[in-house]
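So the sequence lines, in the order shown, correspond to chains A and B. Residue numbers for the first sequence follow the working numbering, beginning at 1 and rising by one. Residue numbers for the second sequence follow the working numbering, beginning at 1 and rising by one.
Note that these hints are calculated values from the structure, not bench results. It should be emphasised that the depicted structure is a prediction, and the values quoted were computed from it without experimental measurement. Wrong hints could be hidden among the right ones.
Since the list gives no way to pick one copy over another, a pair counts as held whenever it fits inside one copy or between any two copies.
[Claimed, not checked] Derived BS3-like pairs: lysine-lysine, alpha-carbon spacing no greater than 30 Å straight-line:
1) Lys78 to Lys147
2) Lys151 to Lys163
3) Lys9 to Lys78
4) Lys9 to Lys83
5) Lys3 to Lys177
6) Lys3 to Lys83
7) Lys96 to Lys177
8) Lys147 to Lys163
There are 2 protein chains.
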Amino acid sequence: MSKISADIKEGLGLVQVYTGNGKGKTTAALGLAFRAAGRGLNVIMVQFMKPPENYGEHIAAERFDNFTILPLGLDHMKQRVDKEDDISVSQKTLEKAKELIYSDEYDLVILDECNVAMSRHLIDVDEVIDMLRNRPENIEIVLTGRKAPQKIIDYADLVTEMKMIKHPFDKGISARKGIEY
Amino acid sequence: MSKISADIKEGLGLVQVYTGNGKGKTTAALGLAFRAAGRGLNVIMVQFMKPPENYGEHIAAERFDNFTILPLGLDHMKQRVDKEDDISVSQKTLEKAKELIYSDEYDLVILDECNVAMSRHLIDVDEVIDMLRNRPENIEIVLTGRKAPQKIIDYADLVTEMKMIKHPFDKGISARKGIEY
Chain A
1 MSKISADIKE
11 GLGLVQVYTG
21 NGKGKTTAAL
31 GLAFRAAGRG
41 LNVIMVQFMK
51 PPENYGEHIA
61 AERFDNFTIL
71 PLGLDHMKQR
81 VDKEDDISVS
91 QKTLEKAKEL
101 IYSDEYDLVI
111 LDECNVAMSR
121 HLIDVDEVID
131 MLRNRPENIE
141 IVLTGRKAPQ
151 KIIDYADLVT
161 EMKMIKHPFD
171 KGISARKGIE
181 Y
Chain B
1 MSKISADIKE
11 GLGLVQVYTG
21 NGKGKTTAAL
31 GLAFRAAGRG
41 LNVIMVQFMK
51 PPENYGEHIA
61 AERFDNFTIL
71 PLGLDHMKQR
81 VDKEDDISVS
91 QKTLEKAKEL
101 IYSDEYDLVI
111 LDECNVAMSR
121 HLIDVDEVID
131 MLRNRPENIE
141 IVLTGRKAPQ
151 KIIDYADLVT
161 EMKMIKHPFD
171 KGISARKGIE
181 Y
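Bound conformation, chain A alone:
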């Protein structure tokens, strides 16, 4: 399905995890997505805990026909989310992720905030690991979000912890348009 050269395709297939309490998990996955899209890879980012809004990254991704972002989550920032709804929506997002992975149409699949969905028990860790185990060959998968479960860390090939050393919370700075979203 993919138009990339065999030497690129053969290098793919790892499971990467970006976790920790620091900045840059989703952002690093985005950087990877744009880099990969630049190389011609088919890239999709499925967002678990983020609502369908036009963040800067969604606008930027529109420049690429081989990079799509699917924000399929509920809006935890602006509203109180019912736990049952959260579970149901997260489960549907996981089903969508499986469908996309098993379709074998993508070279890089990013499951944004998937770690959070697992750590909050909205989706089942073992079901995610089954999905990873059953993925087609040479698909690179990236999972982002705080509190990656130990089973995921054990299964993954590459794990990076983004650790907060200093954050300007005390200056009263919250998420900024163009920088944080």
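Please arrange chain B on chain A, whose structure you already have, making use of the hints.
Same frame as chain A, now just chain B:
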């Protein structure tokens, strides 16, 4: 100079640092760059230790007229670099960075691998801090690279350490086209 709205511009002005031995420092800065470019910010990434080659990110950046990547470093991967050359090229890169920052034409300036250049004493930490102190208002600056000097960490508003938890070195996997570059 910038075409972005006042509410976005007013939110800018922090100094961010991505450091540590883990993956995702340059990649997170890239993700931030694409997000910001999507929002209309003028973005420039000056690369200290990277040679002018067409990595995936350079190809992707060509889709944006408001995001430029300038790889101004020497190729440390493919050749042995003479220390004097390294110092001279890094100093020129710092001069270029100053020129771009002082021009006040950019909203987001990324100094990629600048921390490495400082930690290797190719450029002077105090000179970099002077540049940061003298930056025009409402310019966001990001410094990436391992071993950020303590003075930089002290001066910065936001510091994230990318910490390697697991890396597939033992599987004999090196940098892969489309993923690592």
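For each hint, the structure was consulted:
1. In the homo-oligomer, the alpha carbons of Lys78 and Lys147 lie at most 30 Å apart inside one protomer (22 Å), although the nearest pairing across protomers, at 38 Å, exceeds that limit.
2. For a Cα distance limit of 30 Å, the shortest separation of Lys151 from Lys163 qualifies both inside one copy, at 20 Å, and across copies, at 19 Å.
3. In this assembly of identical chains, Lys9 and Lys78 lie within 30 Å of each other by CA distance solely across copies; the values are 23 Å between and 40 Å within a copy.
4. In this assembly of identical chains, Lys9 and Lys83 lie within 30 Å of each other by CA distance neither inside one copy nor across copies; the values are 40 Å within and 37 Å between.
5. With identical chains, the CA atoms of Lys3 and Lys177 are at most 30 Å apart between copies only, with a shortest distance of 14 Å across copies and 34 Å within one.
6. Neither within a single protomer nor between protomers do Lys3 and Lys83 lie at most 30 Å apart by alpha-carbon distance, with minima of 41 Å and 42 Å respectively.
7. Proximity of Lys96 and Lys177 under a CA criterion of 30 Å is satisfied in both settings, with 28 Å inside one chain copy and 28 Å between copies.
8. Both within a single protomer and between protomers do Lys147 and Lys163 lie at most 30 Å apart by alpha-carbon distance, with minima of 12 Å and 14 Å respectively.
Against the hints set out earlier in the document, violations occur for numbers 4, 6.
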